[in-house]
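Turn these sequences into a full structure, and let the hints steer you where they fit.
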Amino acid sequence: MTTPTAVPASASWLRDAATLTHRILLHWRQRPFSIALTLLFPVLIVLMFGYLFGGAMAVPDGTYLDYLIPGMLAMTMLFGLESMVLAVTADAAKGVTERIRAMPVSGVAVLTGRGWADLLNALAGLTVMIATGYAVGWRPHDGLPSALAALGLLLWLRFAFTWVGIYLGLLLKTPESAVAVQVLVWPVGFLSSAFVSPGTMPGWMGAIATWNPLSATATAVRELFGNPSWNETTWAAEHSVLLATVWPAVLTAVFLPLAYRRYRLLGR
Amino acid sequence: MAYEEGVPAAEHAGIVAQDLRKQYGERTALDGFTLRVRPGTVCGLLGPNGAGKTTAVRILSTLLRPDGGHAHVAGYDVVRRPRQVRYRIGLVGQHACVDEILTGRQNLQLFGRLGHLTADAARRRAGELLDQFGLADAADRAVAQYSGGMRRRLDLATSLILRPAVLFLDEPTTGLDPAARIDVWSRIRELVGTGTTVLLTTQYLEEADQLADQIAVIDAGRIVAEGTPDELKAKVGPDRVETVTRKPTLDEVFLHLTGKTATRSTETVLEPAR
Ligand SMILES: Nc1ncnc2c1ncn2[C@@H]1O[C@H](COP(=O)(O)OP(=O)(O)OP(=O)(O)O)[C@@H](O)[C@H]1O
Ligand SMILES: [Mg+2]
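Protein chains in written order, with numbering that gives the first Met the number 0: chain A, 0 to 267; chain B, 0 to 273.
Hints in this document: simulated from the structure, not taken from any laboratory.
Incorrect hints may have been included.
Pairs of lysine to any residue residues, derived as SDA-like cross-links and limited to a Cα-Cα distance of at most 25 Å, are as follows [what the hints assert, rightly or not]:
no., chain 1, residue 1, chain 2, residue 2
1, A, K172, B, Y23
2, A, K93, B, A137
3, A, K93, B, T227
4, A, K172, B, H94
5, A, K93, B, G13
6, A, K93, B, E170
7, A, K172, B, R64
8, A, K93, B, G148
9, A, K93, B, Q202
10, A, K93, B, D30
11, A, K93, B, R35
12, A, K93, B, G174
13, A, K172, B, Q22
14, A, K93, B, T173
15, A, K172, A, V107
This is the structure:
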């Protein structure tokens, strides 16, 4: 009889999560163009929106680019959700999910591995976007602690989107249906304060945009960076930092358990 | 230590499946599937499309929960101790499932690490398997660039990374050309020489006949006939089994033209059990 060589010295879910994070980092190394495209796409949007529409946008106390960069920082977090859905469905389609499930690795480790890799992806995305901001003349004005708080809120939003993305990916199953998420990212982005003030939108649209979790983070980040905005007077805009803290917590509380349950249900 | 938890019962070594049931909505995929594969032997699970072969393999390899019945693999209950089972099995699914973006070597090391080999052991074992499966030259190329046959070999190699006691092969030669098929067959035979228990599903009697000590015929979710290839042929009776002497098949012509040796000119045809 053969005896397995696998006598695990330390079989911990943290180590498994690290192994699975490493797998995604290897993907980036294997396909540098694909990750570069993901990172540079938001830069393209900044250049297009900033210079194409920027002239027509009158932002009190600043330029449209000063308004746009915080919005794009929030959008970059949202684009991560789209990449996550694509990655999760691709793994399912290629049978990699099944193969990992046939290994002695827990669902917690699988989700954590995805989460860590996504956090690294988010950090790379923020770095690129902030560098772009500096290149086009955007600056934070309220000091380092405040700026760090802004970055914290952005990552906190991405943390929530990680679980939404994993859940949707497991739910949708195929990369073809994941395209729906790619399309839906745009209305979510436009119906927020990322690009323009909700105050300029027709009533019902403005209401959606005001309460959009993305708006909460974009507005809070503007406030913490000391960047200009259209001086919203809604309760949501005045309490944006609170909302940018609460919204991701709510999303995480809902979607983290849902994502875990979906993963466990793959065996049903 | 997670790996040593619980003591496997000797009578549960190999594969023991008892009255497994699985329902997909209205459709019954497994309907009282009972099978025993003694340790160190090869069982060919033979059946037509939709018979329930993949469903059985997925339950036995802990990927799917049965609605009813019990199963033990390599000594452990697949529902209660899936983790223990996973340390001891290898699985080659019906469709190749390796990470296409990674290289062959990265795939092997990844799954070695997920099986809790040390980084060193995973690296060594990956090297061994790449050599053994003739993939050394392609080891550092992305799997997306591999041919179907190379992918299948990598798939098989990956399933052996932990030196499993029990190996599940779900139609391992589907989509392969005859030469690649014979190559996979000889690799499976080598494994059997090392004492691995194998459950192999196939739609071809010839494949089961070539490799298996024991054949189980599955239809509509249950085993309808079981025995050694010879017993089975005898049991089914001459009216069900025709031995045909005939001209070379296209397979053999293909083999001849591509310079590989042809096997034989008689084949056994099993008519569907009614
Ligand atoms: N996920 C699923 N949802 C619904 N029905 C399913 C599912 N998987 C399998 N079935 C059904 O269960 C039955 C058995 O399927 P299974 O895949 O086990 O057959 P198989 O013997 O492997 O067939 P094949 O030779 O085509 O691979 C079939 O009727 C199939 O349609
Ligand atoms: Mg099948």
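Discussion item. Tell me the numbers of any earlier hints that the structure contravenes, in ascending order.
Written reply: 3, 5, 10 and 11
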